[in-house]
Each structure stands twice: as C-alpha cells, then as structure tokens.
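Novice: One-letter residues, chain by chain:
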Amino acid sequence: MEKMVTHTGRMAPLVRPNIDTDQIIPQRFLKRIERAGFGRFLFADWAEDEEGEPIASFVLNRPEYRQASVLITGRNFGSGSSREHAPWSLQDRGFRVIIAPSFADIFRANCCKIGLLAVELAPDQVEALAALAEDDPAAIVTVDLEAQTVSAPGVDADFNIDPFVKHSLINGIDGIAATLERAHMITEYEELRPGFRPSLRGSGATNNGERHG
Amino acid sequence: MARVPGEPDLLYIDLHLVHEVTSPQAFEALRDAGRPVRRPDLTVATADHGVPTVDRGRGITDALSRQQVETLMANCKANGITVFGMDDPRQGIVHVVGPEQGLVQPGMTIVCGDSHTSTHGALGALALGIGTSEVEHVLATQTLPQQKPRSMAITVDGRLSPGATAKDLILGVIARIGVDGGTGHVIEYRGAAIRSLSMEGRMTVCNMSIEAGARAGMVGPDDTTADYINGRPFAPKDKGWDQALEYWGSLASDEAAAFDTEHRFDGASFEPYVTWGTNPSQAVPIGGSVPSPDEFDDVQERQAVARALEYMALEPGTPMTEIGIDRVFIGSCTNGRIEDLRAAAAAAAGRKVHPGVSVMVVPGSGLVKAQAEAEGLDRVFSDAGFEWRDAGCSMCLAMNGDSLYPGERCASTSNRNFEGRQGPAGRTHLVSPAMAAAAAISGRFVDVRVWGQ
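Protein chains in written order, with the working numbering: chain A, 7 to 219; chain B, -19 to 433.
Calculated directly from the structure, the hints in this document are not laboratory data. None of these values were measured; they are calculated from a predicted model. Backbone N, C-alpha and C define an ideal beta-carbon position, used for all residues, glycine too. Incorrect hints may appear among the rest.
Stated by the list, open to error - Cut-off 27 Å, straight-line C-alpha distance, at most; resulting in silico cross-link-like pairs (DSSO-like, lysine-lysine):
1. A:Lys172 to A:Lys9
2. A:Lys172 to B:Lys128
3. B:Lys128 to A:Lys37
4. A:Lys9 to B:Lys57
Said to hold, decoys possible - Far from chain A, some chain B residues (derived; all Cβ distances over 12 Å):
5. Phe239
6. Pro265
7. Gly356
8. Gly432
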C-alpha cells in the first residue's frame, strides 16, 4: 500500500450528493483482470458522450483541473457497489485525497486499503473548499494526516480519522502480513469452531468447469 | 475471534463467497506474495456477473468476460476451491446460490466481494460486502479486521397492506430513511411484519440494506429460518442438526435490546412502490406522482432531483400510472428466487405482453430455473411472450451483454436505478416482481392491487 503522510495539491470540485460507484466507474469497465490502468475510465459516462468524445464542460476534462489531486465532492460519496475499481480509478488518475461530508462504508474501507485518503469535513467546510477551487483552480490545499488538518487559503479545518487507519496509512502497513503474525490465534480459534458449521470439503463440486451433479 | 488494544477486532470468516469480477486481482496478489489460500474448504465460487443468459452453448462471446470467467475457474482449480462454473446446474447469482445450498446458516460470518452480500443476513448471519483488497485478506487469513459497527433496529409492526411485498417494504424503508440512512450501521429488521415474511422475502429486504448505506442487514433466526435450511445439501445433519438448532435458538436478540438508532413503521403503511429517480430512495407508492424539485428543502438535493428527472425524462406531477415502459427485467439477487418468479407468473398467467415491450425473466440460479420449469412457470412466461433465460446477474448491472439501449425505460425487479446501471443512458424503475409483470402486460405501471379485477 502507498504511504500517505501529508499531501499538497490542487483541487477539483464535483459537489453532488450520493455519487455512486457506478458513476465513478461504469460496469462495462470492470471486465479487466488487471489491477492497474482504470484511471482512463473514471466518471466515463459524465466525461464522454455516446460517441466517446470528451464533454468539455465536465470538471475533470477542463484543462485548469487536469493537475488536481484532491477531489472535493458531496455527501455519501462512493455509495452502491463494493467495486474497488472505483478507488483504483481515482488513484490511477492521480487523486490522493477525497474530501466529502460523508462516505459510503465499503468505499471508504477500500480507500484505506490502497492508501487513498478519504477525509470527512463539515458540509460548510467542503463547500468553502469547492468555492475556492471554482474561483481559483490553481489554489493549493494541504492535507496533513499526522496533524489531521486541511489547510487552504481561507479554510482551516480539523478532521477525525480512525487511529488504526491513520497508523496504517502513515506507515504503509501490509494488513495481511500484520494478520498473519497472529496466525497462531487464528489456528486456536479454528480448533474451537463447532463441527456443524458447513464446509466444502469433499463436496464433490466441480473444480474445473466440467458438468457435475 | 481476537481483540487487540488499538486495533480493529479480527473477525473470523465462516464462509467466503467468490465471483469472477472482484476476485482476479486478489488471487494475483496472493500469488505474487507467495501466500496460499488458508481455507479453500470455507470458500465457494460461482460465475454470475458476466455469464450469458442465452445460447450458453456458444460460450462467452465477449473476450474480456470470457477471460474473467476462465481466470476464476483457473484460480479455483489452482487453490482447491469449489466452484459452480457456467456448466454446473448449481451455477447462479452468488447470493442466491449460497442460501440455496444450505451454506448460509445463523450465527455465521460471511463475506463476498459484492455489496449485496447483505442478502445473507436474512438467515441470521453477519454478512458483509467487501472490496478486492479485503477479498485478498480473507483468502490469505480467513479473517477480516472490522471496527464494530453501530446497531440499528427497523421494526415493522402489524401486517403489510394487501398487494405489498417484501420489495415494497424495503423500497418504502429506503424512501423514508434515505440512501445513507443506514451508513455505519448493521440493521436488524424486527416486528410482526418481518416475522411473517418468507425466507425469500427476508432475503429481498436484507439484500437492499446496502441501498440504505448499511454495512449489513439481518433478521433473527426462527422456525422459518430452520425450515428453510433443513435438508439442503450443506445443512447440518443428524446430531449436528440438533446442535445447530440449539445454537441458533440462542442467537435471537432480546426483545428489549438497545440499539444505537431505531426506526418503527406500521406494516400497513407500505404500498406497492415505484422509483422515479436515479437512486433507490427516490420512490413513491404507485398511487403517487413524480415529485417536483421544489418539494425538497436542501439545495443540493433540489439540484440532484432536477438532474435525476432530466436523466429519467420525467415531468413533475406525472402520475406513476401514466409512465410507459419499453423493457422489463425480472430477476437479480433481490428478486430472482422461486417465490419471485411465482409472483411474476401469477400476474402474467393467461395474458400477453404489451405490444412493443420486451421482457426478460432471468432465474437467480440453475436450480431456481429447474424448479420453475418443474412448476410450469417457464410455459406461463413463454405463453405471455416473456423471454425465459439462463441464470445470472444479467441486466441488473448489464455486464453480460443483457442491456438497455440508450433512452429505453425499464421496469426492473433489481436493486439499483443508478444512471447507466442497466446500460448507458438507460432508465430504470425499481418495482416488485408482480408490479414488473403487470407493467409488462399493460405497457405502463399499474397498481397490482386493483389491476385485472
């Protein structure tokens, strides 16, 4: 996972409530089995017309927001599908921080896992940042994870974050390695699981796609 | 299973459901790290999102979808994971297959790289939708770090009004609490109207918990739960069944349990619902009409509603019963089980699809399909001019080629009416199976409570 301690960059304002992951990356782009390269599909149905031509007025197509690395957006961002392709596409496009009044749970969890920082601020603070980005696309915002602050001209805000998420992001922790260090606890637990729990062992199901049953 | 100060709880996962879209990157990362799958015996996979629902004999014609399903099959084979592939009679939507096989039981922890994993809470399990990094974590460790969520009670007293179904109940709940009303919470559905739902109905309700933003939804186990599980392939047997029953009986939450958030509704207040907008909370009873943006207080909400109406090509004030449709989709993990197909067939029986409307009926699994055929439902649908198809996610999310054309309007029994969900520029109205079938016959939305009388 990429480390995230502090980030300074330009903002792109896209303040609509309930932007769902189907908008962040439409389903037709989920067929690839690779992890990289999803950035070009970000907000595809808002960014391109039916012929695939860029819609010039869409905020991320406007030249003054091309360098933005902080997305300023509306409440309940990332609702809907659990597709991690959504944060992948934002990160691949160069975004390092998303600032919104609230996030959908699974989307936020997915962001944490890949080092994309989801910052919750009060609605008026989000609106102030969006207004700043609209007035001056070159305005710079600094997000300091250590200090839990967001600073931009005329805006100084504190944010809350789960201490474990903060620790993991700052140190770029490999969560799987950390859990595997506790493998003995997992094994102990497994030995105590009741025998009536279902298991696929010996189920006789197909492992190779041949017809069975 | 483990609690360490300063860290999230480590949750042991009793069942990991896997499908082709959110797993390939997880398997690849495991391979790259040289990590094995810890418990292939607690993992089960099926191909559902990208599989065709017609002409299966030709295989998958879309090269990327074919590669995705082939990758799933190869990953399962390499790791000793049971998979119900496209040719297996048990193949189907992962959230239909799990309960149908008896793999989902009360008190279990269940995850899947899919937001509609909340479905499985209907059987008294804690079932969480996760992303691909978490899929990798569970494959490697059979555990998931989780902060304890907040608890929410949604109590529905009394009985649903006649003609209202589990789908109408959950659409009505979401319309009232909003698409983020459940954020950060696990919802427990309680009350007489919930208790009287069948297991299929409970699955429909829990399935759409995610559409209210909840981490999970659940219903405490009772006799309906045990009766549903009993005799299924992976149900406990003999002495194990007795032990399981005793354990399940200990799980139901106390009548007086305290919740962080509570909502209480009268069952009689739920009527057949239809969505008019581009998120599942944008719904009204069938007797209602398309709202005006002016009816909303919040300025962002007004803009969002105006945008939704423009996308949906609807005028404020239009009665829902005057909205004509082009397509109908009956299926999905929300409403693709046998009871849903029976309800749709009852509305379609002896009638003909409206000229110009095309209808897809897509069973939730191969076994649901077989059951429906054994009951003659396929003939009811065919006689009515509805297409009878093979099992999969199909046009719920339109990844497999089943898709709306731009501008088409669809009555759908699925769970999301997001922009483009059923195809770019497609327009989706969420309804119950009976409402969808009646709309197919009428060519517009009708109130199933008075229709056809």
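Novice: So, for every hint listed, does it hold in this structure?
Specialist: Tested hints:
no.	hint	verdict
1	A:Lys172 to A:Lys9	holds, 10 Å
2	A:Lys172 to B:Lys128	holds, 17 Å
3	B:Lys128 to A:Lys37	violated, 33 Å
4	A:Lys9 to B:Lys57	violated, 35 Å
5	Phe239	holds, 17 Å
6	Pro265	holds, 22 Å
7	Gly356	holds, 23 Å
8	Gly432	holds, 35 Å
When the structure is compared with the earlier hints, violations turn up for hints 3, 4 and for no others.
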